[in-house]
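Novice: Full structure from sequences and hints, please.
Listed in order, the protein sequences are those of chains A and B. Residue 470 in the numbering used here sits at position 470 of the first sequence; the count goes up by one each step and never skips. Residue 35 in the numbering used here sits at position 35 of the second sequence; the count goes up by one each step and never skips.
Calculated from the structure, these hints are not laboratory results. Note that beta-carbon positions come from the ideal geometry of N, C-alpha and C, so glycine has one too. The reader is advised that the hints may include incorrect statements.
What the hints assert, rightly or not - SDA-like, lysine to any residue: derived pairs with alpha carbons at most 20 Å apart:
| id | chain 1 | residue 1 | chain 2 | residue 2 |
| --- | --- | --- | --- | --- |
| 1 | B | Lys258 | B | Pro86 |
| 2 | A | Lys345 | A | Arg278 |
| 3 | A | Lys537 | B | Pro86 |
| 4 | A | Lys537 | A | Glu547 |
| 5 | A | Lys537 | B | Gln85 |
| 6 | A | Lys59 | A | Thr464 |
| 7 | A | Lys345 | B | Gln85 |
| 8 | A | Lys537 | B | Arg83 |
| 9 | B | Lys258 | B | Ser115 |
As the list claims (entries may be wrong) - Selected chain A positions facing chain B (Cβ under 10 Å, derived; list incomplete):
| id | residue |
| --- | --- |
| 10 | Thr25 |
| 11 | Asn113 |
| 12 | Trp118 |
| 13 | Ile162 |
| 14 | Leu166 |
| 15 | Ser286 |
| 16 | Val328 |
| 17 | Ile332 |
| 18 | Val375 |
| 19 | Ala517 |
| 20 | Glu522 |
Said to hold, decoys possible - Examples of chain A residues toward chain B, derived with CB under 8 Å:
| id | residue |
| --- | --- |
| 21 | Met119 |
| 22 | Thr156 |
| 23 | Ser320 |
| 24 | Met476 |
| 25 | Thr512 |
| 26 | Thr513 |
| 27 | Pro518 |
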Amino acid sequence: MAVWESSAADISPPAVAHAPSWATTVDHKQIGILYIVTSLVFLAVGGLEALVIRAQLWKPDSHLVGPEVFNQMFTMHGTTMIFFVVMPMLFGFGNYLVPLMIGARDMAFPRLNAFSYWMFAFGGAVTYLSFLAGGAPDVGWFAYAPLTEYAFSRGTSTDYWILGILISGIGTLATAVNLVTTILTMRAPGMSLGKVPLFVWMMMFDGILLIFALPPVTAAIIMLLLDRSLGAHFFDTQAGGSAILWQHLFWFFGHPEVYVMALPAFGIISEVVPVFSRKVIFGYESVAAATVAIGVLSMGVWAHHMFTVGMSDALDAIFSGASFLIAVPTGIKMFNWIATIYGGKLVLASPMLFALGFLAMFLIGGLTGIMLAAVPIDWQVSDTYFVVGHFHYVLFGGSLFAIMAAFYYWFPKATGRMMDERLARWQFWLMLAGFNLTFFPMHIAGLLGMPRRIYTYSADRGWTIWNQLSTVGAAMLAVCFAVFFWNLFDSVRRGAPAGDDPWDAWTLEWATTSPPAPYNFEQIPLVRSRRPLWDLKHPEDPDWEHES
Amino acid sequence: MNSQGQHNAHGDEVGESIVMPVPTAAPLVLSLGATLLAAGIVTNLVLSALGAVVLLWGVAVWVLQLLPGRGEHEHALVAMEMRPQPIAKAIIAVAPRPTSFIRRMQVPAQIHPYSSSVWGGIVGGIAMSGVALAYGVVSGRGIWYPVNLLAAMLMPAFATADNAELERFDGTALALGLVIHGMVSAGAGLIYGMLLPTLPRWPALWGGIVAPLLWTGGVYSFMGVLNPVMNARVDWPWFVASQVVYGLTAGFVVVHSKTVSVGQTGRGSGNETGSPPR
Ligand code: HEM
Ligand SMILES: [Cu+2]
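Specialist: Written out as structure tokens, the structure is:
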């Protein structure tokens, strides 16, 4: 393990200085940890729901849980993973890291920050309270109208979904505003926008993307609530409303949401890859520019989720073309990461392993995404397991692999202790194998015609073997996450002391103690290059002599 | 912050305390109120009324925090032994410490300037339209025919047009055609410029032949959706020929541009051997 020469390795700082009250905190680091821990709980729940889905699909004509529970499971699984796991987890990291990385004492609006967290937590709780109130939502995470209209969805489960998403959405919007403001106004002296770490760049664009994408879906959700409780007819096709309108409003948010989850992941990778390749990132400017391009383009492709609803050919063509275009800036980033690795002195510690896993898995997800952007292919495989395979390669392969890299990389900063490297390796290989075993066969099942969201199938379809492979893979993933949770739990208590800068890294968060004092830095650091710590460690050859 | 003449790890003078916001339950109370208010809609409106009260209470506490002197306090600095250690020279135990140049090195070190790639794309686009126009003349359909076919991608009006209409001059089609053609040419040129330095040898083969054939294959498979009008009428041999002409011209321009080194200004720049400059 990397050891940081002169660090205070012998003092083991308590995980959090003088027992804070988590309920009243306004400290960005504590709020970040609250976010992360809460979303870990939801990860466990969402994972269990996935296991129920996979267990039900293990054999043909299975009646393990039956159709009603199955519908609730995939709805809650998708909703949980997107709204209550990946997004808040990434915001947790953003919250924790952004002020440290830009040399600030806190976020721009510390109290609003706490408010965001509580809205997310209560939003999640409300969504899950539905289980106690007679049944969980069962309308899919995209809640397509008119299935969600009162005529087809009696009872309150859909209302719980609406309210939960609404409440947590308000929190998300507040975080977005907070992040953008913080990054624009609170950077340390000398840190121009061209010098901020790429993770910070990505979080800023994430915020901007959310500020554009969230209001339309919020409006749509409120309209749906009005439809259901006050007899409005926005999406009620029987009374002149439009179901397609829901799809447009939803996907206008839903597609950018994919990038809301992907950009911070890209940011994590852009921090981890250079440090563990021992090289400066290749093409900082083009990574940043590609982020902007992705942000802009991703607002203009939403209707590729709607090729099968019967839009005009011209519209299909435009959205298809725009979707292909996104491959260009994404490709540029891939190229930059690979060029950074190329010729580097790789340090294959756990954060780097997960980053490499990300690169490979995300590439596969991206390629099937390009296939789906071609309208004829989409017409064939839309709403089959091919799509389920595709988006898990993007979301799980993309976000969760990056999130794991982030955990192993920044855990020492937040706790003052290292995570166990041997368990990390076990987890990595289990995750890589289990992940591919779960989701690759889904592509094949999809091409063989297996529709998504069916609770069972008959034996003569030829889908059985592919489903069984998937289910075995899912079990491996369950073990992988058990290892991860154990590693977290155990390392908080017994991990080796980490010191201030265990990875010999270059960004500002490593300039303070692990864990940092509530005010982060005694003295706000002065920044002269993109790698301020490199400059301090190498006074004979500092970066600012090389950067224009 | 009051100045007591303390010194931190970097030898800078620091005070003994720092102004920080005080913890407050206001955000929690406010969001609890909002949640109850909403939850009342699916349960009982009494809950909503309660939520409204809690919400207002939260707002009140929050506003009090904003009064001068209320929301902030002087946070004492942590004990001396809990402060950051001085930044030391990098020592890494996992791998031999590479030389400074390798740590900063960016590979590939030499690329074609992005501007030359875009220019290459534009020149290629012009050469390619030469071929397309020649096709219009040779096939006897006139020079506006290929232009209109291209524009049909964005002009639903052309979807039902017959050949006679497609042979006529159309101002909108010309404008649209120019825009589509210009953007695609310049964009493809940019990708060219980025990829060429990473391909092994024979740039003319990759850029001029292989790439055009690959993308023509791609275009062939989804032209039916992208541009049904063109799909029904396109003359594939001519199409391939125009793509190859584009590829060769754009590639020629890009390859013959002077390469520049990647952001490795100062001592590292222009060092093709990859060895440390010192
Ligand atoms: C623990 C590993 C996971 C397994 C085994 C798994 C499995 C599945 C399966 C089998 C479905 C299909 C349900 C159906 O359409 O019939 C599904 C749906 C879905 N999954 Fe996962 N998943 C996992 C992790 C994730 C993650 C990390 C995310 C995202 C961030 C995610 C997001 C979704 C979404 C959005 C749906 C669509 C739900 C719907 O159709 O409403 N999943 N998952
Ligand atoms: Cu999309």
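Novice: If a hint holds in the structure, say so; if it does not, say that too.
Specialist: Outcome of the hint check:
The hinted pair formed by Lys258 of chain B and Pro86 of chain B fails the criterion: a straight-line CA distance of about 45 Å is larger than 20 Å. With a C-alpha separation of about 6 Å, the suggested pairing of Lys345 of chain A with Arg278 of chain A holds against the 20 Å cut-off. For a cut-off of 20 Å, the pair hint linking Lys537 of chain A to Pro86 of chain B stands: about 10 Å separates their Cα positions. Among the hinted pairs, Lys537 of chain A with Glu547 of chain A is consistent with the structure: their alpha-carbon atoms are about 17 Å apart, no more than 20 Å.
Distance check on the hinted pair: Lys537 of chain A and Gln85 of chain B sit about 13 Å apart at the alpha-carbon level, within 20 Å; holds. Straight-line distance between C-alpha atoms of Lys59 of chain A and Thr464 of chain A comes to about 6 Å, which keeps the hinted pair within the 20 Å bound. For a cut-off of 20 Å, the pair hint linking Lys345 of chain A to Gln85 of chain B is broken: about 27 Å separates their Cα positions. A distance of roughly 18 Å separates the Cα atoms of Lys537 of chain A and Arg83 of chain B; the hinted pair therefore holds under the 20 Å criterion.
For the given pair, Lys258 of chain B sits about 11 Å from Ser115 of chain B by alpha-carbon distance, which is consistent with the 20 Å threshold. Checking Thr25 of chain A against chain B: minimum C-beta separation of about 5 Å stays under 10 Å; hint holds. Using the Cβ-Cβ criterion of 10 Å, the hint placing Asn113 of chain A at the interface with chain B is satisfied: the shortest such distance is roughly 8 Å. Satisfaction of the interface hint for Trp118 of chain A is found here, the shortest Cβ-Cβ separation to chain B being roughly 4 Å, below the 10 Å cut-off.
A cut of 10 Å between beta carbons decides the hint on Ile162 of chain A: the least distance to chain B is about 9 Å, and the hint holds. A distance limit of 10 Å between C-beta atoms decides the matter here; for Leu166 of chain A the minimum to chain B is near 7 Å, and the interface restraint holds. Evaluation of the Ser286 of chain A hint against chain B yields a held restraint, the C-beta minimum of about 9 Å falling below 10 Å. The interface hint given for Val328 of chain A holds, since its Cβ lies 7 Å from the closest Cβ of chain B, which is under the 10 Å cut-off.
Satisfaction of the interface hint for Ile332 of chain A is found here, the shortest Cβ-Cβ separation to chain B being roughly 7 Å, below the 10 Å cut-off. Interface hint status for Val375 of chain A: upheld, as the beta-carbon distance to the closest one in chain B is roughly 4 Å, under 10 Å. With a least beta-carbon distance of about 5 Å to chain B, the hint placing Ala517 of chain A at the interface is held under the 10 Å criterion. Below 10 Å, beta-carbon pairs count as interface contacts, and Glu522 of chain A has one with chain B at about 5 Å; its hint therefore holds.
Evaluation of the Met119 of chain A hint against chain B yields a held restraint, the C-beta minimum of about 5 Å falling below 8 Å. Hint status for Thr156 of chain A: holds, given a least beta-carbon distance of 5 Å to chain B, under 8 Å. Checking Ser320 of chain A against chain B: minimum C-beta separation of about 6 Å stays under 8 Å; hint holds. The beta carbon of Met476 of chain A is not positioned within 8 Å of any beta carbon in chain B (closest approach about 29 Å), and the interface hint is therefore violated.
Because the smallest distance between the Cβ of Thr512 of chain A and any Cβ of chain B comes to about 5 Å, under 8 Å, the interface hint for this residue holds. Residue-level restraint check for Thr513 of chain A holds (minimum Cβ-Cβ distance to chain B is 5 Å; threshold 8 Å). The beta carbon of Pro518 of chain A comes within 6 Å of a beta carbon in chain B, closer than 8 Å, and the hint placing it at the interface holds.
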